[in-house]
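For reference, the chains in residue letters:
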Amino acid sequence: MAGDPPADDRAREEAREEERLVVEAQRGSIDAFNRLVRRYERQVYNVALRIVGQADLAEDVTQDTFLLAYKSLHQFRGGIFRAWLLRIATNRCYDELRRRQRRPADSFEELTFEPRVEWSTLAAGEEPEARAERLELAGALELALRQLPDDQRAVVVLSDVQGYSYDEIAAITGVSLGTIKSRLSRGRGRLRDLLRQNPRHRELFARYWRRYDEEKQGEGRPS
Amino acid sequence: MNERDPLGSNGASGGQGTNGADRHLDVELLSAYRDRAARGDDVLDPIAYAAAGAHLSGCERCRATLRELDATVALLRDLPQLAPRRSFILTPELIAAAGGRAPRERRRFAWVWPVRWASAVAALLFALTVGLDRGAAPPQPTTGVVLSTAATAAITAPATFSTLTFSTPTFPDDTPPVWAFSSFTPTVYPTPTAVPTPTPAPVRTTTADLWPVEVFLGSLASILALFGFALPPLLRRRHPAA
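Chains as they are written, first to last, in the working numbering: chain S, 1 to 223; chain A, 1 to 242.
These are calculated hints, taken from the structure and not from any lab test.
Computed from a predicted model, the values in this text were never measured in an experiment.
Don't take every hint at face value.
Claimed, not checked - Computed spacing ranges between beta-carbons, pair by pair:
(1) S:Q75 to A:A54: 48 to 54 Å
(2) S:S165 to A:L220: 55 to 61 Å
(3) S:R98 to A:T91: 27 to 33 Å
(4) S:D213 to A:G40: 49 to 55 Å
(5) S:E19 to A:L94: 34 to 40 Å
To be verified - Mimicking DMTMM-like on lysine to aspartate or glutamate, the simulated pairs with C-alpha atoms at most 20 Å apart in a straight line are:
(6) S:K71 to S:E127
(7) S:K71 to A:E93
(8) S:K216 to S:D150
(9) S:K71 to S:D31
(10) S:K216 to A:E60
(11) S:K71 to S:E59
As the list claims (entries may be wrong) - So the derived list for chain S, only partly shown, Cβ under 10 Å to chain A, looks like this:
(12) A11
(13) N46
(14) L49
(15) L57
(16) L67
(17) Y94
(18) L97
(19) R99
(20) R103
(21) P128
(22) E129
(23) A130
(24) A132
(25) V175
(26) G187
Each residue gets a CB set at the ideal place from its N, CA and C atoms; glycine is no exception.
Generate the whole structure from the sequences, applying the supplied hints.
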């Protein structure tokens, strides 16, 4: 929350540290750059994973992103380093998606990684059956994500899976706030429709949002 | 209640009702409403937000759509951040395999080479000019001006760029072959005070028609030296920040 001095101080300290690392890396220090890699590799990988939908491809994209970032680091002139990095990553994802369109034999229809769910919303006291249903629903959602048009999927991933702000998404994708808003709403609407298409998923989804509703009314919504 | 403007028609209803009872908020508006309500995103102006809120309070169907959107976002947020199966740390081998060089190295080369070439060519042309001047040596003011142009260009380039921590051929000490060839008396050069008053060198009354060549070479030397100044900033401008 706003106005938490220790958290603000820590964020400011981290921003300064990151600035220093970027400058050192621009002077050619691989060690400094690798500290930035460690800081952001998980985020870059997860963005790539949800956009391209395949674990091995996401790994290639992530590695390429850091190599490309290192080579073109002299072009970075301040601003949000993470947004600059993720811009490279999403562009690489689009390259891969275009390449895959030319080679449609590559399967996009099955999960190449295990669906899991975090324990952020309904975890407390959740019954095993409910958890199994949530896992099933998460798998269906991962597959539904892949049926979105590429630009909608990218914005949904950046906003709702990764939790980045509209401004940061604008910096990453290079499109206007209005376009982001529109892609996001169409993407969410389409995901909702897709989850309701299959009778089984429709039932699970209905149960999920009913439980979510009760939970929210009980103790307030997670941000 | 005015529902006409900010509120669109829900595709599922498709109604054009006259009393607003069968009109519903579209998904885009509900999505923006949700973001403003849940995380304060400024994507919906206050009037549209208030109007949507008023409609929602009386429309069960739109409330249900909003809850579903909300649940979809919550489900997306629940997707885990997966740990990559390997590290993406860069090694010198990986960078070399990708055909990369350290950024600092790349940047320095972009600056150094045009400057070096410009300085070297300016030096050569200047020496030639001096040689020709000595051969022709008409004690005209024009010659002094031309000489000073070439001299300034040749001297300024190395003196200025030496601050960029690389070495260029310096004048006049580092060019013994040229000076030996021209056997020019060093007292005239390179003191700038010599510029307004050209030293009356030992007059060789050969043809004075060579001075246009001097003008040409002197100008060329100046242009090349200027090119050395101007090119690196131009290179930088062609690759602006991402």
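Structure-based check of each hint:
Checked against the hint of 48 to 54 Å, the pair Q75 of chain S and A54 of chain A passes, with Cβ atoms roughly 49 Å apart. Separated by about 56 Å at the C-beta atoms, S165 of chain S and L220 of chain A satisfy the suggested range of 55 to 61 Å. At about 29 Å, the beta-carbon gap between R98 of chain S and T91 of chain A stays in the expected band of 27 to 33 Å. For D213 of chain S and G40 of chain A, the hinted distance range of 49 to 55 Å is not satisfied, since their beta carbons lie about 21 Å from each other.
Taken as a hint, the range 34 to 40 Å is violated for the pair E19 of chain S and L94 of chain A, whose Cβ atoms sit roughly 25 Å apart. With a CA separation close to 50 Å, the supplied pair K71 of chain S and E127 of chain S exceeds the 20 Å bound. Pair hint K71 of chain S plus E93 of chain A holds up; C-alpha atoms about 14 Å apart against a cutoff of 20 Å. Only pairs whose Cα atoms come within 20 Å are accepted, and K216 of chain S paired with D150 of chain S is rejected, the gap being roughly 31 Å.
Taking the CA atoms of K71 of chain S and D31 of chain S, the gap is near 14 Å; set against the 20 Å cutoff, the hint holds. The hinted pair formed by K216 of chain S and E60 of chain A meets the criterion: a straight-line CA distance of about 18 Å does not exceed 20 Å. Proposed proximity of K71 of chain S and E59 of chain S is supported: the alpha carbons are some 18 Å apart, at most 20 Å. The beta carbon of A11 of chain S comes no nearer than 18 Å to any beta carbon in chain A, farther than 10 Å, and the hint placing it at the interface is violated.
The restraint placing N46 of chain S at the interface with chain A holds, with a minimum CB-CB distance near 5 Å, inside the 10 Å limit. Nearest Cβ of chain A to the Cβ of L49 of chain S: about 6 Å, under the 10 Å cut. The hint holds. Of the supplied interface hints, the one on L57 of chain S is violated, with its beta-carbon coming no nearer than about 12 Å to a beta-carbon of chain A, more than 10 Å. The interface hint given for L67 of chain S holds, since its Cβ lies 5 Å from the closest Cβ of chain A, which is under the 10 Å cut-off.
Interface restraint check for Y94 of chain S: the shortest CB-CB distance to chain A comes to about 16 Å, outside 10 Å, so the restraint is violated. Taking 10 Å as the C-beta cut-off, the interface hint given for L97 of chain S is violated, the closest approach to chain A being about 19 Å. At its closest, the beta carbon of R99 of chain S sits 18 Å from a beta carbon of chain A; the interface hint therefore is violated under the 10 Å criterion. The interface hint given for R103 of chain S is violated, since its Cβ lies 23 Å from the closest Cβ of chain A, which is over the 10 Å cut-off.
Contact between P128 of chain S and chain A, as hinted, is not supported at the beta carbon level, the nearest pair being about 17 Å apart and thus beyond 10 Å. With a cut of 10 Å, the hint placing E129 of chain S at the interface with chain A is violated, because the nearest CB-to-CB distance is about 17 Å. A distance limit of 10 Å between C-beta atoms decides the matter here; for A130 of chain S the minimum to chain A is near 13 Å, and the interface restraint is violated. The interface hint given for A132 of chain S is broken, as the beta carbon of that residue sits about 14 Å from the closest beta carbon of chain A, more than 10 Å.
The beta carbon of V175 of chain S is not positioned within 10 Å of any beta carbon in chain A (closest approach about 14 Å), and the interface hint is therefore violated. Given the 10 Å rule on beta carbons, the hint for G187 of chain S holds: about 9 Å separates it from the nearest Cβ of chain A.
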